[in-house]
Amino acid sequence: MTNFTEKLRNTENTHQLIIKQDNLLIKDYFCNNMETINPEEKKVNNLCRLLLDMGTLLMSSGANTSRIRTTIMRIASAYNYHAELLVTHRALMLTVYGKDKDLFFNRLKRTPPQEANFKIVSGISRMSWKIVEEKWSLEKVEKELGILKNISSYPRWLVLLAVSLAGASFCSLAGGKLIECTVAYIATFCGLFVRQETAKKGYNGYLCVFTGAFISSILAGLTVKYNIGYYPQRALVSSVLYLIPGIPLINTFSDLVEGNIMNGIVRGINGLIISFAIAMGMMCAILIYHI
Amino acid sequence: MDILLFILSKWIWLGFAAIGFGILFNVPARTLIPIFIMAIMGGSVKFLTIKLGGEIVMGSFLGATVIGFLSIIAAHMKHSPPFIFAIPAVIPMVPGAFAYQMMIGIIKLTDVDHAAFPGLLEETVSNGLNAFFVLLFLAVGVSAPMLLSRTESAKNFKLKIRTKQEQKK
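Chains A and B are the protein sequences, given in the same order. 168 is the number that the numbering used here gives to position 168 of the first sequence; each next residue is one higher, with no gaps. 121 is the number that the numbering used here gives to position 121 of the second sequence; each next residue is one higher, with no gaps.
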């Protein structure tokens, strides 16, 4: 018995030894090969990663398809590479290859959820021209991109106040008097607050729009129900206008016209669903009040 | 004179509506003043067209085109892509009232007696088409300058003018 266990232990040991040796061999092989990967390849790989980072950032912050494509190709050609890009709504595919070498890299990256942020679009666009004109190194680009990713947005109270003021302005443009404008201001403020809160909790984007529209029109609908003011309907209309999908709708058109028809259709459907969510929110309030 | 008074009473609201959306879309702070001015100019053109007897679709189209061209100028002055200026500035012209009327009409159509149905349907379809065409022409107007210039980037506008000046020299 003891003989057997000893034998077993011995074979186990040899086994482990063999595995260890194998690991060492594999490690050796990779180490050697890592040295033989030429710096050129490393550079292309890095460039590819940075370009995809920029592309997905642009896509999620509301740039149209041709802008993404031209920006990426502009930066790639600044480093003497050629880039081909497949742009879809939720993922980007990029191939980078040298103009005179048969060396190419292919990568795919998923786009984060859409959230309008024009500071990032403007920053990347500005950076792309600087890269071309001032011949930036890749390290500098990476550093700058990191700064852009953490760019500050306006403080929340300012967003709330400014967007509410926009709601009141819509009401005034539609011919509302002071009372209606005040109602639109308050309804927009509360609706936007609720929408931001639900978005923070991570609910579905369309559901956030729905709740925002519902809260706004429940508040503004109260004045319609009890007929407060001169034209209470106008306050109700303008209290949900802060939700309109302006960026998707305008991007839809520019994508369709420039021949990126698939992206145009996808953006159009997205804008349509957002409009539908607003309508649903309003409809619920209207049906509750029997206006 | 009547028209001017009307616009004078409205211009500040056009500007505020655009600024609100600019802040919602997180535009760079340096672009807020151009957005304010562009929204006022575009909106004034729209009101002027309507007051002079034009259709609302035509007015929106002219207003959006003015904003589109101004956005190219602003893009050069403030070094940002033109659509960053154009989208917030064009939003005060969105036909909220038409869309609302259409939706109310659709809701009422589900529960209306036989005699009133055709009239209501007519009204609803008319409002809906108006909303759709105004939106469409806003988009056309905003992208008009880029389509006419046949360039992919606003920066090339400048380059072309530069080379012409250089040729003159």
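Keep in mind that a hint or two might mislead.
[To be verified] Cross-link-like lysine-lysine pairs, in silico, DSS-like; alpha carbons within 30 Å at most: (1) K225/A x K149/A; (2) K51/B x K130/A; (3) K43/A x K177/A; (4) K10/B x K177/A; (5) K10/B x K135/A; (6) K135/A x K177/A; (7) K200/A x K149/A; (8) K225/A x K143/A; (9) K225/A x K108/B; (10) K108/B x K177/A; (11) K42/A x K177/A; (12) K140/A x K78/B; (13) K149/A x K177/A; (14) K135/A x K200/A; (15) K143/A x K78/B; (16) K135/A x K99/A; (17) K177/A x K51/B; (18) K200/A x K43/A; (19) K225/A x K78/B; (20) K177/A x K140/A; (21) K108/B x K149/A.
[Said to hold, decoys possible] Which stretches of chain B does chain A cover? Using the computed rule of at least three CB atoms under 8 Å from a CB of chain A, they are: (22) 25-36; (23) 49-61; (24) 68-74; (25) 113-124.
[Stated by the list, open to error] If we take Cβ atoms under 7 Å as the criterion, some of the chain B residues that face chain A in the derived model are: (26) I3; (27) F6; (28) S80; (29) A97; (30) T110; (31) G128; (32) S143; (33) A144.
Bear in mind the hints are in silico, worked out from the structure with no lab data behind them. Just so it is clear, CB atoms sit at the ideal spot from N, CA and C, and this is done for glycine as well.
Quick one: which hint numbers does this structure break? Sort them smallest to largest. Those not satisfied are hints 1, 2, 3, 5, 6, 8, 11, 13, 14, 18, 19, 20, 21, 23, 24, 25, 26, 27, 30, 31, 33.
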